[in-house]
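Q: Two chains, two separate frames, one set of hints: put the complex together.
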Amino acid sequence: MLNVQAITKSYDKNEILDNLTFTVNPGEIIGLVGENGAGKSTLLRLLATIDKPNHGSLTLFDLSYKKNRKAVRKHIGYVPQDIAIWEELSVKENMQFFEKLSFQSKSIDELKQLCLEMNLDKWNDPVKSLSGGMKRKLNIAITLIHSPDLLLLDEPTVGIDLKSKKEIGAYLRKLAKEQNRMIIYTSHDMDEINELCDRVFCIGNDTFYEEILRNSGKDVILI
Amino acid sequence: MMDILYTRLLLWKKKSISMLVWLLLPIVGTILFITSANAIQEDSKVPVGIVLEEETALANELVDSIIASELVFLHVLSNDRALYELEKHELDSVFIIHEGFEDAVLSGKRNNIISSYRTELSFAYSPIKEMIVSLVQEETGRAKAANYILAMYERYGGTDPWTWDEITEQSKQKQIDENLLNTAFAYSSGKQADDNPSLLSWNAWGIWAILSLLSTLFLSDWIIREKNLAVSTRYTFIKKSLFSYYSQVIILYVLLIFLFDLLAVAAFTIFLDETISLSFVFVILSFRIMLCMLSISIANLFQRISSYYGISIIIVLLLAIISGIVIPISGFIPQHSLMNFINPLHAFISGNMTIMWNEIGLVSITLALLRKEISNA
Ligand SMILES: Nc1ncnc2c1ncn2[C@@H]1O[C@H](COP(=O)(O)OP(=O)(O)OP(=O)(O)O)[C@@H](O)[C@H]1O
Ligand SMILES: [Mg+2]
Numbered sequence: 001m002l003n004v005q006a007i008t009k010s011y012d013k014n015e016i017l018d019n020l021t022f023t024v025n026p027g028e029i030i031g032l033v034g035e036n037g038a039g040k041s042t043l044l045r046l047l048a049t050i051d052k053p054n055h056g057s058l059t060l061f062d063l064s065y066k067k068n069r070k071a072v073r074k075h076i077g078y079v080p081q082d083i084a085i086w087e088e089l090s091v092k093e094n095m096q097f098f099e100k101l102s103f104q105s106k107s108i109d110e111l112k113q114l115c116l117e118m119n120l121d122k123w124n125d126p127v128k129s130l131s132g133g134m135k136r137k138l139n140i141a142i143t144l145i146h147s148p149d150l151l152l153l154d155e156p157t158v159g160i161d162l163k164s165k166k167e168i169g170a171y172l173r174k175l176a177k178e179q180n181r182m183i184i185y186t187s188h189d190m191d192e193i194n195e196l197c198d199r200v201f202c203i204g205n206d207t208f209y210e211e212i213l214r215n216s217g218k219d220v221i222l223i
Numbered sequence: 001m002m003d004i005l006y007t008r009l010l011l012w013k014k015k016s017i018s019m020l021v022w023l024l025l026p027i028v029g030t031i032l033f034i035t036s037a038n039a040i041q042e043d044s045k046v047p048v049g050i051v052l053e054e055e056t057a058l059a060n061e062l063v064d065s066i067i068a069s070e071l072v073f074l075h076v077l078s079n080d081r082a083l084y085e086l087e088k089h090e091l092d093s094v095f096i097i098h099e100g101f102e103d104a105v106l107s108g109k110r111n112n113i114i115s116s117y118r119t120e121l122s123f124a125y126s127p128i129k130e131m132i133v134s135l136v137q138e139e140t141g142r143a144k145a146a147n148y149i150l151a152m153y154e155r156y157g158g159t160d161p162w163t164w165d166e167i168t169e170q171s172k173q174k175q176i177d178e179n180l181l182n183t184a185f186a187y188s189s190g191k192q193a194d195d196n197p198s199l200l201s202w203n204a205w206g207i208w209a210i211l212s213l214l215s216t217l218f219l220s221d222w223i224i225r226e227k228n229l230a231v232s233t234r235y236t237f238i239k240k241s242l243f244s245y246y247s248q249v250i251i252l253y254v255l256l257i258f259l260f261d262l263l264a265v266a267a268f269t270i271f272l273d274e275t276i277s278l279s280f281v282f283v284i285l286s287f288r289i290m291l292c293m294l295s296i297s298i299a300n301l302f303q304r305i306s307s308y309y310g311i312s313i314i315i316v317l318l319l320a321i322i323s324g325i326v327i328p329i330s331g332f333i334p335q336h337s338l339m340n341f342i343n344p345l346h347a348f349i350s351g352n353m354t355i356m357w358n359e360i361g362l363v364s365i366t367l368a369l370l371r372k373e374i375s376n377a
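First to last, the protein sequences are chains A and B. Okay, so the first sequence: first residue is 1 according to the numbering used here, each after it adds one. Okay, so the second sequence: first residue is 1 according to the numbering used here, each after it adds one.
Bound-form chain B, shown alone (with noise of 0.2 Å):
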């Protein structure tokens, strides 16, 4: 193995360059696709502008709200400033939130306590205020249910009887079962609900799969180069069998690619806030041994690289649309379970150890290597 290492460094030290942009392609590729489509979902934000005419804590919830829906680019500014900038179109549109809002909202009125600005150009101002008004309808609701009870509670003279905060919180929390059996409900049918922020972590290794793909199958066209080189005839005189040498060097191919593969991980963790389980180690390993295995399969069928490589983008477009990661095909192309079972990124790409594919790999390597053997001896 010592051996074949040293001569494969030999290789590789010459063509170091291009292999390098070739091994970091997936990583580098990933981290400035995924930031810069964060980016442009942030710019693609709906500029809102809010005023506080008081800062109370219901006034800075309903702010918060806002921010988490993800919908809009909230401004929190002076309604002086608020108005000039809707003037200029640099706001959708204005809400203000005035004096006496959290009394208003907790004595159960919901008149006027918000007034809302917008030009004949807003066109985020309808669905923003619904959601303004559902929101404060649920705390309206919420507060007046709370206000009942204890009211209830004073007038029957009840025993260490609920605070208000207990009664609006235990409301809350049954809110949130209730939306979190939703989402798991809708994702076990299919669709992924477009709040869920493991969407957005699942895109990452997604994108990096395609790109690893492209890069291992470009990366394996020196099986095409050392065939049609004369060098080759000199291997019938070497103290390994052929089998032997080529098994080693594709494992050398596979140990050098999965140290890039390391790499991404750490890569992803520091760049993209991923957090990776030791586990998810392994099926990076089972990926990129299949990856390799069928690249080096399907190279070695041609005979011109410049058909390989043309054949190979076939291939990753090919795959990257049935796996849609970066069109998300679901909503157009019912996901056929047989398309997942013959997709060979599919395993990886929803987190699992790949197994069937690799041992296609497998096979077919061992196969083309015992050919080559068996026309050597």
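With the rest of the complex left out, here is chain A (with noise of 0.2 Å):
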């Protein structure tokens, strides 16, 4: 379980987040809304250990980030908004280079077979040949390596077509419903976050996007 405890983050004197509260639970998948600059980045960032809050706390399975932020580290996988590859490396070779590096150690078949679940089979093209949706998808593959317990995805599907969004939608809920993996993920198409969220947080307390999902009956929490 992941605990937020009123979180604040201000770059200088310009305050992003303010005083965020809220819990996440094993198996839940939760999209995060709000206009540009709102601060989803930001937040996720805090989220992944990558940067610090100015005030309040961060909890996963108990683990205090501020404490044990290296053994909080091994349960996180991030997805960053840029796409994070090898463009000269093939995906064979992207996946081995972070396996080699990753907390988990898996076998070459089982990092095949993890692209594969995403409908990732260029397993030996150059990444350069790839389009912006494989590349999308080798971007979480390789987040995955380490089976990470709460998985951080910043706008995971941009640019992608809508039958490979839904490939990797329903990728994600199968590791959130039969992995029990916790899943936060930013999004500025409200079909596909209809259709794969739990609940959605909207961030900076905007009422705008609010509005669209309560009417189609989500589960909405300003934060």
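Simulated from the structure, these hints should not be mistaken for lab results.
Cut-off 20 Å, straight-line C-alpha distance, at most; resulting in silico cross-link-like pairs (EDC-like, lysine to aspartate or glutamate):
hint, chain 1, residue 1, chain 2, residue 2
1, A, Lys106, A, Glu93
2, A, Lys106, A, Glu117
3, A, Lys218, A, Glu35
4, A, Lys106, B, Asp3
5, B, Lys129, B, Glu99
6, B, Lys129, B, Glu53
7, A, Lys128, A, Asp82
8, B, Lys15, A, Glu93
9, A, Lys100, B, Asp3
10, B, Lys15, A, Glu88
11, B, Lys14, A, Glu87
12, B, Lys14, A, Glu88
13, B, Lys14, A, Glu93
14, A, Lys163, A, Glu192
15, A, Lys128, B, Glu226
16, A, Lys66, B, Glu373
17, A, Lys13, A, Asp51
18, B, Lys13, A, Asp125
19, A, Lys100, B, Glu226
20, A, Lys74, B, Asp3
21, B, Lys45, B, Glu85
22, A, Lys166, A, Asp189
23, B, Lys227, A, Glu88
24, A, Lys66, A, Asp149
25, B, Lys13, A, Glu93
26, B, Lys240, B, Glu373
27, B, Lys15, A, Glu87
28, A, Lys174, A, Glu195
29, A, Lys92, B, Asp3
30, B, Lys239, B, Glu226
31, A, Lys100, A, Glu88
32, A, Lys122, A, Glu93
33, B, Lys144, B, Glu154
34, B, Lys239, A, Asp51
A: So this is what it looks like as structure tokens:
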């Protein structure tokens, strides 16, 4: 379980996140919505231990972010908004590269399987030659190598065709429901949010998205 | 370590060509530079003809000592041929050693034993004439002395007299000893004698040091590239700390480049006739570590690769000049000990272990890595 207690984040005097409190339970998929610059990426970076809040506390499975940072990281998978893969390597080599550095070791078959589950079958192609959607899939697959319990995805499906979106969505749902992972992800696609998420957080007390989503019967929380 | 090696090999494989170019540049560049410099030196030697009317030991000795002086490119020719080529200006000047040269010298005569020809275009004539005259003088002087001593023995009937050969040998040895003393003195006062053969051999490693500096700086650009890649955000979620990850990558780079340093040792032994002692391998290793540490520390200060390349080139030119490797500046700028002190290449070029700059490099790289580690904690 992820527990967020009254966190605040500001850059210089510019307050981005103001006193956020929420919890996420295993098996839950949380959608994070808000306008550009609302602070979605900032919140994900705090949850991913990449950045630190000015105030407030974070715990994951009772591990404090402050005291057990290293241990917390083993449970976290973070998919950054920018695609973080080696362009010059092939899909296979990218998977091997990060497997060698990963908290968990996996066989080459397991790595291949991970890609196939998302319909990424271009195993030996250099990443340079892949489409944007394929790269996004690989971006997620690499993050899953160490089987993280808390998966944080920053606009993972931007610029992807509908079919690939559905494939990725289905896979994320499977991870949450069958393996009890927690998933938090951001998107500007309300249909996708609607279809995939159990709950939605509207960041920055934004009522615009709240109204849209409430009409479709979602559990929407302003944070 | 094996894991890191595996991941690096994946990346190195993809840019193997550009890496090989940089890794081989110091070796190939030095060999090309030295061989072409030698060729130019050969070419720029003045062609001089010599005609031997007699093939005596003394005549040959004269020829050998002119060749050994390395001032001229000496052609031994027939009389007609020599004069023909002189007319065509293919020879700067021609010297003819007449029949009876040895006898004349040994009997102390110095007149009309050599004649010489030149054209209005000869410019090496005077210095060469001086050289030959002084060589002949040396020989005749030595012969005179020997004859004189032998005559003394005969007159006073000494037992077991020295032979003529023993006396001249003795006097030559004395001359060599004195010359050696001269050279040693000149060397320690900071001016290197031009005919010191070891000057050439230091130049090879000097050129290599400059090219190595350049190639190491350019091989260290990965630290900027990776810093700017989104991939680096993933390093927060690996089993190693950033400090240990980066220090292992750096060690792999040092080992890889050092492998090519050893290749340079082998190549220079084969192509440049360099002989290298085992201790010199450690001198190279200390130099290599320093180059890598400084390059990576400098690269780490930059965000943009192009400005890093620019600064790298300036650093290389600056150090090449103050090291006096490419342009011998010792004549123009006095060799300040301060300049040598701050020059990271100085220790290596003078054949010593790099110690101070190595420590500076290690400290700065450690600080840079610790900063990375703390900002990630
Ligand atoms: N390192 C930083 N230094 C200063 N300001 C920052 C920094 N990172 C983000 N910000 C500011 O914080 C605010 C929130 O940025 P953030 O990237 O979290 O928004 P977002 O909700 O992810 O937007 P988008 O939908 O465009 O991705 C922005 O105004 C941004 O300018
Ligand atoms: Mg964002």
